[in-house]
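On the provided structure of chain A, position chain B as indicated by the hints.
Protein chains: 2
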Amino acid sequence: MNQEVYPEPLQKLINFYKKLPGIGEKNAERMALATYNLDDEELTKMSETLTGLKEKLVNCSICGQLSATDICPICQDENRDHNLICIVEDYKSVFSFEKVGNYKGTYHVLNGLISPIDNIGPENINISSLVKRVEKLAKPELILALKSTVEGETTTLYIKKIFEKKDITISRLSYGIPMGAEIDYLDIITLDKALEDRKKISE
Amino acid sequence: MNQEVYPEPLQKLINFYKKLPGIGEKNAERMALATYNLDDEELTKMSETLTGLKEKLVNCSICGQLSATDICPICQDENRDHNLICIVEDYKSVFSFEKVGNYKGTYHVLNGLISPIDNIGPENINISSLVKRVEKLAKPELILALKSTVEGETTTLYIKKIFEKKDITISRLSYGIPMGAEIDYLDIITLDKALEDRKKISE
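Chains as they are written, first to last, in our numbering: chain A, 136 to 338; chain B, 136 to 338.
The shape of chain A in the complex, shown without the other chains:
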């Protein structure tokens, strides 16, 4: 392929888009051409958003969630149950729960999981801030919403151990079959967990 097919500004757009997940060469090219066709106003707005993007977002000083304000809107919201804390691995999980929109408690973003193999211990993730936070609550309840990998399980067990002596209600998300999934397509571990976590439906 010819090296200098695109004028430099378009090539720069293509290079940028290719760095994003799921965007290949062909898509990046189409996106770059479409970008050129956007209004000046759109381009200026996007340019401004990208300038100093990292400084525009901070970690909420209470829960650690990515936020445009020092305390995130969730931690500021008086209609939320601040005794209920859903513990998640990263900020993406918070966005996922918020999109569902049914959860009315707060979050705590660990920003990682305990992983001895990667030299990540409890001190490297936001656990101490969680402990301090829980100490101030009258009737804390914790929900562990970590993924079911070795690291997720290790972190779940570690946090459970810290708090179980303190007579705090702790739960974890249920494991089971995803909605609409065909039983015979499921991996055996998920199926085994679904059996283990089965719910009684008879009286």
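Don't take each hint at face value.
For chains that are exact copies, the list does not tell them apart, and a pair is met inside one copy or across any two.
[Claimed, not checked] Below, a list of computed lysine-lysine pairs in the DSSO-like style, where the Cα atoms sit at most 30 Å apart:
#, residue 1, residue 2
1, K301, K189
2, K153, K295
3, K191, K154
4, K282, K147
5, K161, K282
6, K191, K180
7, K334, K191
8, K153, K296
9, K296, K271
10, K328, K191
11, K301, K191
12, K267, K335
13, K274, K154
It is worth saying that the hints were derived from the structure and are not from the lab.
Leaving out everything else, chain B in the frame of chain A:
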């Protein structure tokens, strides 16, 4: 869905990405989060590229192609055959030919096609500049590379009519079956054209 799931800067990124072709809500969200994770340097570079993007690119004063310089690199290239002009609808076509990399002539970008139904006549597309350009050439040869729609065919016929009296070699791209395509999946018009444009392979 909760309206304020994402902090404002992320939501702005999502809104921008959704304007690009083939990018839905879910993809735009993933791309916005990935953008946040890029280096500061990358973000600054992209921001600068977007600022005044439209002014950074001009139409080549010879062929009309999108270019970062007043005369595009192709029209400047002395190793190209400047008597050979491939006439295309828009700048995207030039990029496509250049990616193939085998064509060693120049281009002329019409920036549209004749379309009486949309009130686009020959005077609305870059035909007069083509006429002037051809007049200056010693031995011009034209290749019409327009799509096979009513507008493409009309434009091809119009340009053919202008130049045929002047004893100029004019050709058009061949119609036919795309490489690797299954015959029984092809539309009847393409198949008909492929039959009409058949090439003799026996002596």
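With identical chains treated as interchangeable, where does the CA-CA distance between K153 and K295 reach 30 Å or less: within a copy, between copies, both, or neither? Neither: 41 Å inside a copy, 41 Å across copies.
Go through the copies and call it for K301 and K191: within, between, both or neither, with a Cα cutoff of 30 Å. neither (38 Å within a copy, 64 Å between copies)
Have a look at K161 and K282 and pick one of within, between, both or neither, based on CA distance no larger than 30 Å. between (34 Å within a copy, 20 Å between copies)
I want to check one pair: K153 and K296. Are their C-alpha atoms no more than 30 Å apart within a copy, between two copies, both, or neither? Cα proximity of K153 and K296: none, with 44 Å in one copy and 44 Å across.
Intra- versus inter-copy proximity for K189 and K301 (alpha-carbon distance at most 30 Å): neither (38 Å within a copy, 62 Å between copies)
Alpha-carbon proximity context of K328 and K191, limit 30 Å: Close neither inside one copy (42 Å) nor across copies (58 Å); limit 30 Å.
Within, between, both or neither: how does the pair K296, K271 come out at a Cα-Cα threshold of 30 Å? Close inside one copy (19 Å), not across copies (86 Å); limit 30 Å.
Status of K154 relative to K191 across identical chains (alpha carbons, at most 30 Å): both (21 Å within a copy, 23 Å between copies)
Given a CA cutoff of 30 Å, do K267 and K335 count as a within-copy pair, a between-copy pair, both, or neither? neither (37 Å within a copy, 84 Å between copies)
Evaluate K334 and K191 at a C-alpha cut-off of 30 Å and name the case that applies: within, between, both or neither. Answer is neither; intra-copy 45 Å and inter-copy 63 Å both fail.
Check K191 against K180 for me: Cα-Cα at most 30 Å, and say if that holds within a copy, between copies, both or neither. both (14 Å within a copy, 17 Å between copies)
Within, between, both or neither, where K274 and K154 count as close if Cα-Cα is 30 Å or less: neither (45 Å within a copy, 46 Å between copies)
The structure does not agree with the numbered hints 1, 2, 7, 8, 10, 11, 12 and 13 stated previously, though it agrees with the rest.
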